[in-house]
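Let the hints inform the model, and build the full structure from the sequences given.
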Amino acid sequence: MTEWTFRLTLAGLDLTDAQLNALFEAGCDDATFSLERDGSVLGLFDRAAETQEDAVLSAIDDVERSAGVGARALRVAQDDDWLTASEIAERVGRTRQSIGQLVRGDRGPGGFPAPVARHGSPNPLWSWAEVEAWFQRYEPDAVPASGPKLSPDFLAELNDLLDLRERRRHSPDAPWRPKLAEALPLGA
Amino acid sequence: MHPRHSKKEVNDVLDYADQQGFEVEQTTAGHKWGRIKYTCGAFISIWSTLKSPHNHGRQLRRWVDQHDHDADEVER
Numbered sequence: 000m001t002e003w004t005f006r007l008t009l010a011g012l013d014l015t016d017a018q019l020n021a022l023f024e025a026g027c028d029d030a031t032f033s034l035e036r037d038g039s040v041l042g043l044f045d046r047a048a049e050t051q052e053d054a055v056l057s058a059i060d061d062v063e064r065s066a067g068v069g070a071r072a073l074r075v076a077q078d079d080d081w082l083t084a085s086e087i088a089e090r091v092g093r094t095r096q097s098i099g100q101l102v103r104g105d106r107g108p109g110g111f112p113a114p115v116a117r118h119g120s121p122n123p124l125w126s127w128a129e130v131e132a133w134f135q136r137y138e139p140d141a142v143p144a145s146g147p148k149l150s151p152d153f154l155a156e157l158n159d160l161l162d163l164r165e166r167r168r169h170s171p172d173a174p175w176r177p178k179l180a181e182a183l184p185l186g187a
Numbered sequence: 000m001h002p003r004h005s006k007k008e009v010n011d012v013l014d015y016a017d018q019q020g021f022e023v024e025q026t027t028a029g030h031k032w033g034r035i036k037y038t039c040g041a042f043i044s045i046w047s048t049l050k051s052p053h054n055h056g057r058q059l060r061r062w063v064d065q066h067d068h069d070a071d072e073v074e075r
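As they're listed, the protein sequences go chains Y and F. Numbers 0 to 187, taken from numbering that gives the first Met the number 0, label the letters of the first sequence in order. Numbers 0 to 75, taken from numbering that gives the first Met the number 0, label the letters of the second sequence in order.
Everything labelled a hint here was simulated from the structure, so no lab data went into it. Source: prediction; values computed, not measured. Careful: at least some of the hints might be erroneous.
[Said to hold, decoys possible] No more than 20 angstroms apart at the CA atoms, straight line, and that leaves these computed lysine to any residue pairs for SDA-like:
#, chain 1, residue 1, chain 2, residue 2
1, F, Lys50, Y, Ala47
2, F, Lys36, Y, Glu35
3, F, Lys36, Y, Ala48
4, F, Lys50, F, His30
5, F, Lys50, Y, Ala21
6, F, Lys50, Y, Ala48
7, F, Lys36, Y, Asp16
8, F, Lys50, F, Arg34
9, Y, Lys148, Y, Ala47
10, Y, Lys148, F, Asn54
11, F, Lys50, Y, Asp16
12, F, Lys50, Y, Thr4
13, F, Lys36, Y, Gly38
14, F, Lys7, F, Gln19
15, F, Lys36, Y, Ser39
16, F, Lys7, F, Arg60
17, F, Lys50, Y, Glu49
18, Y, Lys148, Y, Asp159
19, Y, Lys148, Y, Ala132
20, F, Lys7, F, Asn54
21, F, Lys50, Y, Ile59
22, F, Lys36, Y, Thr15
23, F, Lys50, Y, Asp28
Right, dumping it as structure tokens:
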């Protein structure tokens, strides 16, 4: 069994005690739940499963079948670390200065990811997922071994399906649907 | 000083959150131990019954870090 780390964005929940206990009993004892400033709810999972599909789909199933909760999964994302340039330097075995040069494009191929937080401060933060992907392309030897990751294609397809499900839920009788299904059949 | 959680790996993160200015609240109800609350109204729920104290601690820590960064952005 492998442990997969990811986060679900959830709708239909406000994390009352009753909801939390129902989620726990339904098998989400490997997740931590938060309510964000914008009202969205996150489930942060570390789920043991043979495959990424088993991990993510069983988590969605556990959440959505929790008794009396009525939650829906809206989105799945790989969980991510936010790092300073010094922490990035440590992970890829470079100096802080050389990371600065890559960021500014003074050296290397350019196109280094933009920071995700503390923009314009002396110590901005980067998404490790984005930085790691950049190194993977230009300097794969620098990328340290890490735990298993959800494949970006899997995530993209799953999130497209979740979007579609949500859209159909909001407008179940959209008049264009039969025509769309005929013109662009899924699986064609 | 915040209320103590019986699992060290979780309690260590509560210490850290406390130092960073987050509020740690114990309101036990079933499997729930309490919450870490942030000034903007966001919170993360803490379990009392734990499958993996290590993973739960890591999930809490990551959340605290990412919300601490929000604070930096608001201050500027």
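To see whether the hints hold, each was checked on the structure:
1. F:Lys50 - Y:Ala47: 12 angstroms, holds
2. F:Lys36 - Y:Glu35: Given pair Lys36 of chain F, Glu35 of chain Y holds - Cα atoms ~10 angstroms apart, limit 20 angstroms.
3. F:Lys36 - Y:Ala48: Status violated; Cα separation ~31 angstroms.
4. F:Lys50 - F:His30: 11 angstroms, holds
5. F:Lys50 - Y:Ala21: 16 angstroms, holds
6. F:Lys50 - Y:Ala48: The hint holds at about 15 angstroms.
7. F:Lys36 - Y:Asp16: 15 angstroms, holds
8. F:Lys50 - F:Arg34: 17 angstroms, holds
9. Y:Lys148 - Y:Ala47: At roughly 13 angstroms apart (the allowed maximum being 20 angstroms), Ala47 of chain Y and Lys148 of chain Y satisfy the hint.
10. Y:Lys148 - F:Asn54: 16 angstroms, holds
11. F:Lys50 - Y:Asp16: 18 angstroms, holds
12. F:Lys50 - Y:Thr4: 15 angstroms, holds
13. F:Lys36 - Y:Gly38: 14 angstroms, holds
14. F:Lys7 - F:Gln19: 18 angstroms, holds
15. F:Lys36 - Y:Ser39: 15 angstroms, holds
16. F:Lys7 - F:Arg60: 13 angstroms, holds
17. F:Lys50 - Y:Glu49: At roughly 19 angstroms apart (the allowed maximum being 20 angstroms), Glu49 of chain Y and Lys50 of chain F satisfy the hint.
18. Y:Lys148 - Y:Asp159: Holds, at roughly 19 angstroms.
19. Y:Lys148 - Y:Ala132: Holds, because 12 angstroms separates the two Cα atoms, which is no more than 20 angstroms.
20. F:Lys7 - F:Asn54: 12 angstroms, holds
21. F:Lys50 - Y:Ile59: 19 angstroms, holds
22. F:Lys36 - Y:Thr15: This hinted pair holds, its Cα atoms lying about 15 angstroms apart.
23. F:Lys50 - Y:Asp28: Holds - the C-alpha atoms of Asp28 of chain Y and Lys50 of chain F are around 6 angstroms apart, at most 20 angstroms.
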